[in-house]
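Participant: Take the given structure of chain A and dock chain B to it, following the hints.
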Amino acid sequence: MQYLLMIYRSEAELFKMNDAERQKMTADYGTFTQSIIQSGHFKAGDGLQPSTTATTVRVREGKVLTTDGPFAETREQLGGYYLVEAKDLDAAIAIAARIPGAKNGSVEVRPIMIYSPELVQARSGRP
Amino acid sequence: MLPAEIEKIFRDETGRALATLIRLVGDFDLAEDALQEAFAAALERWPSADVPSNPRAWLVNVARNKAIDRIRRQISFRAKEAELTHEALLDAAILPEEDSAALDDDMLRLIFTCCHPSFAAEVQVALTLRTVCGLSTAQVARAFLVNEEAMGQRLVRAKQKIRLAGIPYEVPERDALGLRLRGVLAVIYLVFTEGYVATSGEALMRPDLAREAIRLARLLDALMPGRREVKGLLALMLLHDARRAGRQTKGGDIVLLEEQDRTLWDRAQITEGLKLVEEALQLPGRAESYAVQAAIAALHARAPNFHDTDWKQIAGLYEVLLRISPSPVIELNHAAAVSMVDGPARALDLIDALQARGGLDGYELLPAVRADLLRRLGRHQAAREAYLAATAATQLEPLRRLYARRLAELDVES
Chain A
2 MQYLLMIYRS EAELFKMNDA ERQKMTADYG TFTQSIIQSG HFKAGDGLQP
52 STTATTVRVR EGKVLTTDGP FAETREQLGG YYLVEAKDLD AAIAIAARIP
102 GAKNGSVEVR PIMIYSPELV QARSGRP
Chain B
9 MLPAEIEKIF RDETGRALAT LIRLVGDFDL AEDALQEAFA AALERWPSAD
59 VPSNPRAWLV NVARNKAIDR IRRQISFRAK EAELTHEALL DAAILPEEDS
109 AALDDDMLRL IFTCCHPSFA AEVQVALTLR TVCGLSTAQV ARAFLVNEEA
159 MGQRLVRAKQ KIRLAGIPYE VPERDALGLR LRGVLAVIYL VFTEGYVATS
209 GEALMRPDLA REAIRLARLL DALMPGRREV KGLLALMLLH DARRAGRQTK
259 GGDIVLLEEQ DRTLWDRAQI TEGLKLVEEA LQLPGRAESY AVQAAIAALH
309 ARAPNFHDTD WKQIAGLYEV LLRISPSPVI ELNHAAAVSM VDGPARALDL
359 IDALQARGGL DGYELLPAVR ADLLRRLGRH QAAREAYLAA TAATQLEPLR
409 RLYARRLAEL DVES
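Residue numbers (this note's numbering), protein chains in the order written: chain A, 2 to 128; chain B, 9 to 422.
Chain B with its partners taken away, still in its complex shape:
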């Protein structure tokens, strides 16, 4: 087997192998170190011999034995009390064959632990990318645009907190599950949105992060089938991500939805997304935010072009969202949809009224949306000012170039 193929197995199996190991040895760091040793053993053995039929089981077994060795070595020169604690641990580590349901539970335990609400949101994201997705510390550091050492320290502190603060390695009880699941989904969506429109930097999109988010949601949908919010989020991300190839030029410039070549959209991914939206909407319960957002994305995906999009229904769905999960982003999107139904003047009224209430303070996309509405109303001078404000408000180069383009067009028109 080629080293690249072995690397791929490691990448695919890290999360699940680690999830089971943490339960077996009762410690994050010990499990991680032991798994690294097992990877090293595999790199030595697999290229020349047959790869085991179940690589994950092999890795877990080897890692478990490495962990037990390590504990034994420690016990031999440690105090009696440590010995007592670890006897129980060794017993737990010697386990018979397990069914796949138990292993699925391990993966869920790992996800819920990494997304524990006692961690700051960015720590939840970092832990999830590192342990559940199996990204290296360097890769996680790149995702956060911080250096590897700083990220390493952040991860060490987080794992320390798991151990010292007694964060349980458990799937939450039924009455807490809904709330905790929302937290997990928020983490996944945070990973996706950073991949879909980066906060800053040269590149508009970071498809690696978007792919990780989709992979996580797929996993969650398989582990917790029949949850509307999970299906809704997966559908939402698939439908957005399906437009990726159409969203920028080869030179890295933004192509807005109205100008996108829809033949570039990933039809297979759209089909999968549409099917999931249907499933999510058919499950019983009240309107759920991710499912409604996915339904909006589905209307865009189905439309033959920008103008023949069902804007009326989209505006209506944003009104549902404003009821169930109001936010400045939803307000702005609602106004943009209204501009397609009732015209830009009505949308501008909505935004100005909202701004007067202070509902959009410090929201960086506000001037850009205003600028577009003013441009369409032919109010060139006001539009120009708004584009300048929009440029000052963003750190993302492709957005700056988009606004510069719009400003140049305004100069030509006036």
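In isolation and in its complexed conformation, chain A is listed as follows:
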């Protein structure tokens, strides 16, 4: 199965980091990413620019509406993601727990939808 691991952390805390701490974080992410590339779990992954650079888009009555910033104001903001291949949720959780950001932020683990409605229905056992 594939899982999207979404990394949330407090940008306020992040901005307070000094250079040495930043370098350490970058190095930790490098090591972690290399390790999941080598183990064959890695499908994709990126860091994101801070939420101050975000624009939220909605279309209402045919009109495009844009707002400055992310959809919701929260204590932690989405800061990056990994897309991984894992045999089950336990394996995905184990990978998520090794992401450096899990130590001070949080990682949301979401299964990727298998876009085959027939398969999903057949497996649910309902006609």
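Hints may contain errors.
[Claimed, not checked] Listed below are the simulated DSS-like cross-link pairs for lysine-lysine, each with C-alpha atoms no more than 27 Å apart in a straight line: (1) A:88 - A:64; (2) A:17 - A:104; (3) A:104 - A:44; (4) A:104 - B:169; (5) A:44 - A:88; (6) A:44 - B:169; (7) A:88 - B:167; (8) B:169 - A:88; (9) B:167 - B:16; (10) B:320 - B:283; (11) A:25 - A:44; (12) A:25 - A:104.
[As the list claims (entries may be wrong)] Derived, one-sided and incomplete: chain A residues facing chain B with beta-carbon distance under 10 Å: (13) 2; (14) 4; (15) 112.
[What the hints assert, rightly or not] Okay, the calculated beta carbon distance ranges per label pair: (16) A:41 - B:65: 37 to 43 Å; (17) A:107 - B:294: 29 to 35 Å; (18) B:405 - A:95: 31 to 37 Å; (19) B:157 - A:52: 37 to 43 Å.
Hints in this document: simulated from the structure, not taken from any laboratory.
Just so you know, even glycine gets a beta-carbon here, dropped at the ideal spot from N, CA and C.
Facilitator: Same frame as chain A, now just chain B:
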């Protein structure tokens, strides 16, 4: 065979039959539906014919065939890719005789899946009661005091999560087993405590839930023999539950430990509990929370009366618990035991110090424990205030009546 006897077989076999079926057909919902069909077939056949010598095997076989039929029907009008997936499934479903160890593993798989940490605690409890214990959705709904429809939806969502999120149908690997087992035991204990002292409502106890919890722990002890934490929890629940008949009056009022008629306690259950405590304490390893709590319950069970209880050792065991698994409940119980050794004044100091540290914020039994200590110290006005606070803090009618009784006694004394 009588319908009631058949119902009992269903009740006893649901968990294990379902556990094996889920592995065979690879899907919770399909397995549940097929088992329901097998029950329906049994209800038709068993009253007039001989009941099979192994009812569970019969049920699993019939249900498996029903599931295969259903898959075949679906394949006939479904796309090719579904067919391919299910060919593998059909192969797996055609199995030879299996040994009992494999079937035990199925039951453990089911328990660990229902108690997966990716579910909220109450979802773990609901899934376990529904699938492992074989309670109906209506019965599980009653246990949670919610309506059947809401519970049905909660269970559907949980089973959907198992399938869509890829929660494995497996007993955890060795290095994760200890932690995951603790989660399972927490679920069992949650079921028990809700049965032992209900959170709210008219009745103090809900013995059906306490019995289910004991049944689950027995099962786990049989499936994973020689685990201290399992034996400890089973012993703890048996020893507490043995006092059930003494814990309330016929009218449903609470009888506190000091006033209980100890001849009402279930001696056979106490004997079993004491033996398990010994076994748990003899197994190697560091002090383990459930075993230590069971050892405390054993001291109460052995004592001839409230005053001749080994309070000193009980206070000491609570100190061990405070080291290995500190919590507000343990702090309060420790203080209560200290009050029996060193007097209520010393216990009140402990509680007030703890409260000042914020260690008991929002803990609803705190005012009740304070009230009792103040009453024993003869500080009637403060005791009265504490009982009023205790009354406001609980939703359970029998507790409210207990506090009202205490308030009336205080009025008489002063």
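Participant: Work down the list of hints and note, for each, if the structure agrees.
Facilitator: Against the structure, the hints come out as follows:
Using a Cα cut-off of 27 Å, the hinted pair residue 88 of chain A and residue 64 of chain A is violated, with the two alpha carbons roughly 43 Å apart. About 16 Å separates the Cα atoms of residue 17 of chain A and residue 104 of chain A, which keeps this hinted pair within 27 Å; it holds. The hinted pair formed by residue 104 of chain A and residue 44 of chain A meets the criterion: a straight-line CA distance of about 22 Å does not exceed 27 Å. Restraint check for residue 104 of chain A and residue 169 of chain B: satisfied, since their Cα atoms lie roughly 26 Å apart, inside the 27 Å limit.
Under the criterion of a C-alpha separation no larger than 27 Å, the hint pairing residue 44 of chain A with residue 88 of chain A is consistent with the structure, at around 14 Å. Restraint check for residue 44 of chain A and residue 169 of chain B: satisfied, since their Cα atoms lie roughly 23 Å apart, inside the 27 Å limit. With a C-alpha separation of about 18 Å, the suggested pair residue 88 of chain A and residue 167 of chain B falls inside the 27 Å cut-off, and the hint holds. With a C-alpha separation of about 15 Å, the suggested pair residue 169 of chain B and residue 88 of chain A falls inside the 27 Å cut-off, and the hint holds.
In summary, the hint linking residue 167 of chain B to residue 16 of chain B is supported, as the alpha carbons are separated by about 25 Å, within the 27 Å threshold. Taking the CA atoms of residue 320 of chain B and residue 283 of chain B, the gap is near 22 Å; set against the 27 Å cutoff, the hint holds. About 24 Å separates the Cα atoms of residue 25 of chain A and residue 44 of chain A, which keeps this hinted pair within 27 Å; it holds. A hinted pair counts as satisfied when its Cα atoms are at most 27 Å apart, and residue 25 of chain A with residue 104 of chain A qualifies at roughly 14 Å.
Given the 10 Å rule on beta carbons, the hint for residue 2 of chain A holds: about 5 Å separates it from the nearest Cβ of chain B. Restraint check, residue 4 of chain A versus chain B: the minimum CB separation of about 8 Å is within 10 Å; hint holds. For residue 112 of chain A, the shortest C-beta to C-beta distance to chain B is roughly 5 Å, which falls under 10 Å, so the interface hint holds. Against the hinted window of 37 to 43 Å, the Cβ-Cβ separation of residue 41 of chain A and residue 65 of chain B comes to about 41 Å, which satisfies the hint.
Roughly 31 Å separates the CB atoms of residue 107 of chain A and residue 294 of chain B, a value that falls within the hinted 29 to 35 Å. For residue 405 of chain B and residue 95 of chain A, the hinted distance range of 31 to 37 Å is not satisfied, since their beta carbons lie about 47 Å from each other. Taken as a hint, the range 37 to 43 Å holds for the pair residue 157 of chain B and residue 52 of chain A, whose Cβ atoms sit roughly 39 Å apart.
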